[in-house]
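Use the sequences and the hints to build the structure in full.
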Amino acid sequence: MAFIQMEFYSAMLTRHTEIAVILPESRQQESYPVLWLLHGACDNDSGWWRNTAVELYAEQHGVAVVMPSGDNSFYSNGPLGRYFDYVADELYDKLCTMMPLSRDRADHVVGGLSMGGHGAYKLGLMRPDRYAGIAVLSAGNFIDLGDPAPGSAFADINQKLFGTTDMSRLVGTEHDIVHLGDMAAQSGAELPELYVCCGTEDLAFGSAQQTYLHMTGKLGMSGQWHARPGKHDWAFWGMMIPEVMAWCAQVTGRSR
Amino acid sequence: MALLQLHTFSKTLCSQTKIRVILPDGCKDESIPVLYLLHGGSGNSTAWLSNSSIERYAQAHRIAVVMPSAGPSRWLNMALGPAYGDFMVEELPSIMRRFFPQLTGEREQTYIGGLSMGGGGAMQLAIRYPEKYAAACVLSTSSVIPLEHLRTIKGYPPPPGGEGAPSLPQIHLGVDDPDELAGTEYDVLQQSIRNLEEGKRLPRIFHAVGTDDHGFEVGLALRSHFLGLENNPYRYAFYTEQASHTWEFWDKWIQVFLDSLTRPEKEES
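As you go down the protein sequences, you meet chains A and B in turn. In terms of this note's numbering, the numbers along the first sequence are unbroken and rise by one, the last being 596. In terms of this note's numbering, the numbers along the second sequence are unbroken and rise by one, the last being 717.
It is possible that part of the hints are untrue.
Said to hold, decoys possible - Sample of chain A residues at the chain B side, in silico, Cβ under 7 Å: (1) T354; (2) R422; (3) D484.
Unchecked claim - The calculated DSS-like cross-link candidates involving lysine-lysine, where the alpha carbons are at most 30 Å apart (straight line), are: (4) K700(B) to K466(B); (5) K580(B) to K466(B); (6) K580(B) to K648(B); (7) K602(B) to K700(B); (8) K476(B) to K466(B); (9) K476(B) to K500(A); (10) K500(A) to K459(B); (11) K459(B) to K571(A); (12) K602(B) to K459(B); (13) K434(A) to K466(B); (14) K466(B) to K500(A); (15) K558(A) to K571(A); (16) K580(B) to K476(B); (17) K700(B) to K476(B); (18) K580(B) to K571(A); (19) K571(A) to K500(A); (20) K459(B) to K580(B).
In case anyone wonders, no lab produced these hints; they're calculated from the structure. All residues carry an ideal CB built from backbone N, CA and C; glycine is no exception.
Encoded structure:
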C-alpha cells in the first residue's frame with residue numbers, strides 16, 4: 341500500500357494545489373482502476389483519509405483512489421479556478437502519466453459525498469466518455485435544498501460562486517444535476533452506472549432519492565440505491581465507503 | 449527542530465486548511481517568537497519550505513515560522529472568495545496558540561513577512577493592524593495600492609477562471625485596477641499616515657527588492673514615502689541589489705531580516 345501526498349502547480353487553478361492518492365500494492369497490477377473521490381463543502385483533500393478507512397478498502401479491492409482538493413467550488417469552472425477542467429482533464433492526464441493508472445473508461449469511477457456527490461454527478465454526466473461509474477453519497481440535486489439562510493457562510497459562498505443566492509435561478513444551468521442528466525441522455529452517449537446512498541435522517545434524503553429515480557427511471561441509467569439509517573456525517577460515510585469501494589471494483593470488473 | 453503540517457478547520461474560511469509550522473528546538477517553556485511567513489501568487493504553504501532554507505534559519509534564530517495558505521487571494525478578504533485577511537489577523541493566531549501554547553501571544557515578538565504577493569500581504573496586514581505585529585518583512589512586492597501603476601509589467605496574470613472570467617483584481621478586490629482603491633483602507637500610504645495621526649504603535653518595516661524586479665519602481669516609491677515621514681516612525685529600512693524576482697533573493701533576504709530581529713541596531717536605510 342502506498343499513500344501519496346503530492347503538491348504541484350495546476351494550470352487550471354493557476355496555483356499550487358494538493359492531492360492525496362492511494363495506490364494498492366497487495367495485488368500487483370499493470371494499471372489500476374481509479375476512484376476519483378471528492379470531498380464535501382468546507383473540506384479538502386484530507387477529508388476522506390482522515391475520517392474514514394478508505395485506504396483499507398482500496399487495498400482490499402485493488403482500486404486506486406485519487407482525492408483532489410476542490411475547495412468550495414462545487415467542482416465547477418468558476419472565478420477562482422477551472423475546477424471541473426482540473427479534475428476531468430488536467431489531473432487525469434497528469435496522474436495517468438505519472439502513476440500506473442488505467443486510461444480505459446471502464447476503469448474510472450467518480451464518487452463523492454455531499455458537494456462531492458454533486459461533483460461526481462456533474463463530472464460523470466458531463467463526461468460520460470471518461471467515467472464508467474458515478475458513486476454518490478448523501479447528495480441529490482442541491483438546488484432542490486432551497487436557498488441558504490441569509491447571512492450564512494453558504495449564502496456568501498453561493499453569491500460569490502453563482503452570482504446569486506436564489507437557487508431557483510440555477511435550474512437548467514450546469515449546476516442543475518437533473519438538467520445535466522437530461523443533456524447526457526439526449527446526447528446518446530453511453531451513460532455511466534450509478535450508485536447512490538443516503539442516510540434516512542439526512543436533510544438531502546428526499547432530493548437524493550428523487551434525483552436517483554430521475555436518472556434511473558426517466559433516463560434509464562443502470563443503478564443501485566441504498567437508503568440506510570444515518571445522517572449527513574462521517575459516521576455514515578465511513579460506514580458506506582466499503583460498499584462504495586466494492587461497487588467500484590465490480591463496475592471496473594476487478595472484483596474478486 | 450520540528451516541522452509540522454497542521455490540518456484544521458477554519459471557521460473564517462469555511463474550510464479545512466493546511467498550515468506548515470516550524471518549531472525550533474531548545475525553547476523549553478519560554479514564549480517562542482513567531483514569524484507568519486506568506487507565500488506569493490500561485491504558491492501555497494509549502495512554497496517557502498520547498499524553495500528556501502527557512503527551516504535551518506528558523507532554528508538558528510530560535511523563531512517559530514507559521515506558513516498558512518491563502519489560495520488565490522492577496523491575503524486580504526476577497527471580493528469573490530474567502531476572508532483571508534480576517535483569517536490571518538483574527539483566527540490563525542488563536543489556532544496557533546491553541547495547539548502550540550509555547551508560541552508567543554505578545555505583539556513585540558510577533559512578525560509577518562512574505563514575498564511578492566505575500567510581501568504585499570505582509571505590508572497590508574502590518575499597516576492595517578499595527579497592533580498585531582512588531583515588524584513586517586516585505587520582499588519584492590508590487591502589490592502595493594496605490595502604487596501598482598509603477599509595476600514594469602503591465603496587467604495581471606490571467607484570470608483563474610479562464611478567458612472571460614473575472615480578473616485577479618476583480619476576484620481580490622472587486623475592481624479592475626487596484627489603484628482605484630487609493631484613499632480607502634487598502635491604500636497603504638494613507639493608512640500609514642492615519643496610524644501616525646492616531647498615535648498607534650507602529651510596526652518596523654524591512655523592505656528588500658532587486659533592481660531588476662518588476663516591482664523595483666514600486667519599491668522606490670514606497671521608500672520615498674516612508675523615508676519622507678518625519679523621524680522615520682516605522683524604522684523603515686530599504687535594501688536593494690542587482691537581482692530579479694527569484695528565490696535566491698528571498699532566501700538571502702529572509703536571513704537578513706531574521707538577523708535584524710536580534711540585531712536591530714545594525715539597520716541601515
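Evaluated hints:
| no. | hint | in the structure |
| --- | --- | --- |
| 1 | T354 | holds (4 Å) |
| 2 | R422 | holds (5 Å) |
| 3 | D484 | violated (22 Å) |
| 4 | K700(B) to K466(B) | holds (26 Å) |
| 5 | K580(B) to K466(B) | holds (22 Å) |
| 6 | K580(B) to K648(B) | holds (11 Å) |
| 7 | K602(B) to K700(B) | holds (27 Å) |
| 8 | K476(B) to K466(B) | holds (26 Å) |
| 9 | K476(B) to K500(A) | violated (46 Å) |
| 10 | K500(A) to K459(B) | holds (17 Å) |
| 11 | K459(B) to K571(A) | holds (22 Å) |
| 12 | K602(B) to K459(B) | violated (36 Å) |
| 13 | K434(A) to K466(B) | holds (23 Å) |
| 14 | K466(B) to K500(A) | holds (23 Å) |
| 15 | K558(A) to K571(A) | holds (27 Å) |
| 16 | K580(B) to K476(B) | holds (24 Å) |
| 17 | K700(B) to K476(B) | holds (29 Å) |
| 18 | K580(B) to K571(A) | violated (42 Å) |
| 19 | K571(A) to K500(A) | holds (28 Å) |
| 20 | K459(B) to K580(B) | holds (20 Å) |
Hints 3, 9, 12, 18 from the earlier list are contradicted by this structure; the remaining hints agree with it.
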